[in-house]
Structure formats: structure tokens, C-alpha cells
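So you can see what is in the structure, the chains are spelled out below.
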Amino acid sequence: MMEREILEKSTKHQCVTATDGREAVEKAQQEHPDLVLMDVVMPRMNGFEACKMMRQQPSTREIPIVLVTTRGEESYMEAGFQSGCNDYITKPIDGAELLALVQSYLGE
Amino acid sequence: MNDDTSDASGQKLSGAEPMNDLRLGAARKRLAESRGQEDAIEGVREIVANFLGSEEIGLFRVDRRTAKLHVFWSFGIDPEKYDLLRALGDAGLERVMRGECHVDLAARDCSGAMAKVQAFVPIRCANQTIAILAILRLLPQKLAFDRSDMELFQLLSDEAAQPLFGPSAYSKLATEGPGTRA
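Chains A and B, in that order, are what the protein sequence lines are. In terms of this note's numbering, the first sequence is residues 1 to 108. In terms of this note's numbering, the second sequence is residues 1 to 182.
Warning: the hint list may mix true and false statements.
[To be verified] No farther apart than 20 angstroms at their CA atoms in a straight line, the calculated lysine to aspartate or glutamate pairs in the EDC-like style are these:
{"hint": "1", "chain 1": "A", "residue 1": "Lys9", "chain 2": "A", "residue 2": "Glu23"}
{"hint": "2", "chain 1": "A", "residue 1": "Lys12", "chain 2": "A", "residue 2": "Glu26"}
{"hint": "3", "chain 1": "B", "residue 1": "Lys29", "chain 2": "B", "residue 2": "Glu42"}
{"hint": "4", "chain 1": "A", "residue 1": "Lys9", "chain 2": "B", "residue 2": "Asp90"}
{"hint": "5", "chain 1": "B", "residue 1": "Lys142", "chain 2": "A", "residue 2": "Asp34"}
{"hint": "6", "chain 1": "B", "residue 1": "Lys29", "chain 2": "A", "residue 2": "Glu74"}
{"hint": "7", "chain 1": "A", "residue 1": "Lys9", "chain 2": "A", "residue 2": "Glu26"}
{"hint": "8", "chain 1": "B", "residue 1": "Lys68", "chain 2": "B", "residue 2": "Asp90"}
{"hint": "9", "chain 1": "B", "residue 1": "Lys142", "chain 2": "A", "residue 2": "Glu97"}
{"hint": "10", "chain 1": "B", "residue 1": "Lys29", "chain 2": "A", "residue 2": "Glu8"}
{"hint": "11", "chain 1": "A", "residue 1": "Lys52", "chain 2": "A", "residue 2": "Asp87"}
{"hint": "12", "chain 1": "B", "residue 1": "Lys142", "chain 2": "A", "residue 2": "Asp94"}
{"hint": "13", "chain 1": "A", "residue 1": "Lys9", "chain 2": "B", "residue 2": "Asp21"}
{"hint": "14", "chain 1": "A", "residue 1": "Lys12", "chain 2": "B", "residue 2": "Asp90"}
{"hint": "15", "chain 1": "B", "residue 1": "Lys142", "chain 2": "A", "residue 2": "Glu26"}
Note that these hints are calculated values from the structure, not bench results. Here the structure is a predicted model, which is why all the values come from computation and not from measurement.
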């Protein structure tokens, strides 16, 4: 995940990555991260489904989730918010915007 | 966390330029750390989608023996319906074969519909174009390519051949020789 490179080089936060939605849910349960940044389009389980699953699990229910999407239309992202995400960012990724968003959840 | 950025040696940087450097560094690392051809292709897709803002991509291999272009891989387009030669035109093709990126600011795609922007990036190996990466319709929120995108094109042009095609990129050149026009 290339965003990991940007975040780790520009912040003090550590990132744990997953290669698909199912693994993201598993790792969120194991690692209890402070924030989940997740693509909508992923193999095995998409971001909306993974988001829903994390919201159903007591251990991941409260973790802020930011979805990364190619589609920022209101109607589309309504489904994202219904799945339980807190925020979203659209592609192409603007590094400064990404950092500001992460900072708004995790602080400096 | 803060707005500053660190370079590879851990030194603190600040401003917009380092952010572009970070983006280039992330793309370079993604290509270099690809595990095989399939992963390299996925890496190119990620770079184009996440950093350049397009999910309509075609990768065309230059067959230097027959002087033809073949669809090697595509994403988000029907490769059978996409005519690269028509989209590029003779002058554009020559430019790309010489190693220059070609950006069309308002072009028509093969179906005749207006495509806002198209870019054609030569994938180079040993000073020769061995493939062409066509980046087609941009995402609605991405209005145009900017200077930092051009740097990313250059990185793809210079560094994608080896991860995408491996040693065959060089061995084919050695056996087929230079000087073929697509």
C-alpha cells in the first residue's frame, strides 16, 4: 500500500497493512488500530462489507474508519456511511489531504 | 504527527515539494518491490489509480520483430475495441517511440466520445520503447495532469520495464536489435 509509505515517512504513526477486506477485519481485531484507512475496492471482501463487519465486532466497533474511493458522489458514499465509515477520501490521493485527514483523527 | 515530512535518512522536510518526492518515492518502491509480473502489473494499476487518477488503463507491448503493438494488459477498457494507433496518431506514436510522453488534452476515444485527457507513456529499456502505457479517461474529480504527474510518468517510463517484463525486456532487445517502428 503506497499510502503507507507516505504516512510512515511523514508521521510518527506505524501502519499495519492488509491485502484484502477479510484480512483487514482480522488484523483490526488483532491489532486494535487507532484508525483504519481502507480502499473500497478490495479482493475477497470490499471496503463497505469490511466496514460493516468491523462495526459488528465489539473490539473494532469504535475504531474510526476512512474509506478510500474512486467515486465521491453523494449517492455512492451514502452507502459508505451506512456501512459505518466515518469519513472518505477520493482518488487520486492528495498526500497533504491524506495527512490532514489522518491528523484530524489522530492528532499530531 | 505533524505537517513536516522526513526523507529516507530521517531528516525533516517541509512544504509541497517533499510531498511530491514522497509520492515518487512510494511509487518507485512499489515497482521495485514487486513480487513477479502479476504484482508489478497491480503496482502500475495502483500508481495510476491512486496517484494519477485513472481507472482506464492499457499496456501495449511493442513487438519489434513484426513492428506491431499488442495488448499486454488492460484495466477498465475493452482492449479489443481500443485502437491505440488511432488514439495516438502517427506523430504521437513516433514521439512515444522516441521516448517522450504524449499527453492529449482533449481527445476522442475509439468510440468517438470525448475523453478529457489521455496520456501515453513509453516504457523504456536500454534506451528503447518496449511498451506503451495508455492512461485514458480520468476520474471526474481529476481535471488535468500537472507537473508532478509528469514526473510520475517519467518514473514509470524509466523504471517499470524491469518489474513488468523482467529479464526478457533485455534479452528480446539483444536478439531482435534496435530500429523497428511500431
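Quick rundown of the hints versus the structure:
no.	hint	in the structure
1	Lys9(A) to Glu23(A)	24 angstroms, violated
2	Lys12(A) to Glu26(A)	24 angstroms, violated
3	Lys29(B) to Glu42(B)	13 angstroms, holds
4	Lys9(A) to Asp90(B)	43 angstroms, violated
5	Lys142(B) to Asp34(A)	30 angstroms, violated
6	Lys29(B) to Glu74(A)	34 angstroms, violated
7	Lys9(A) to Glu26(A)	25 angstroms, violated
8	Lys68(B) to Asp90(B)	13 angstroms, holds
9	Lys142(B) to Glu97(A)	14 angstroms, holds
10	Lys29(B) to Glu8(A)	13 angstroms, holds
11	Lys52(A) to Asp87(A)	14 angstroms, holds
12	Lys142(B) to Asp94(A)	11 angstroms, holds
13	Lys9(A) to Asp21(B)	11 angstroms, holds
14	Lys12(A) to Asp90(B)	50 angstroms, violated
15	Lys142(B) to Glu26(A)	33 angstroms, violated
In this structure, the earlier hints numbered 1, 2, 4, 5, 6, 7, 14 and 15 are contradicted, and the remaining ones agree with it.
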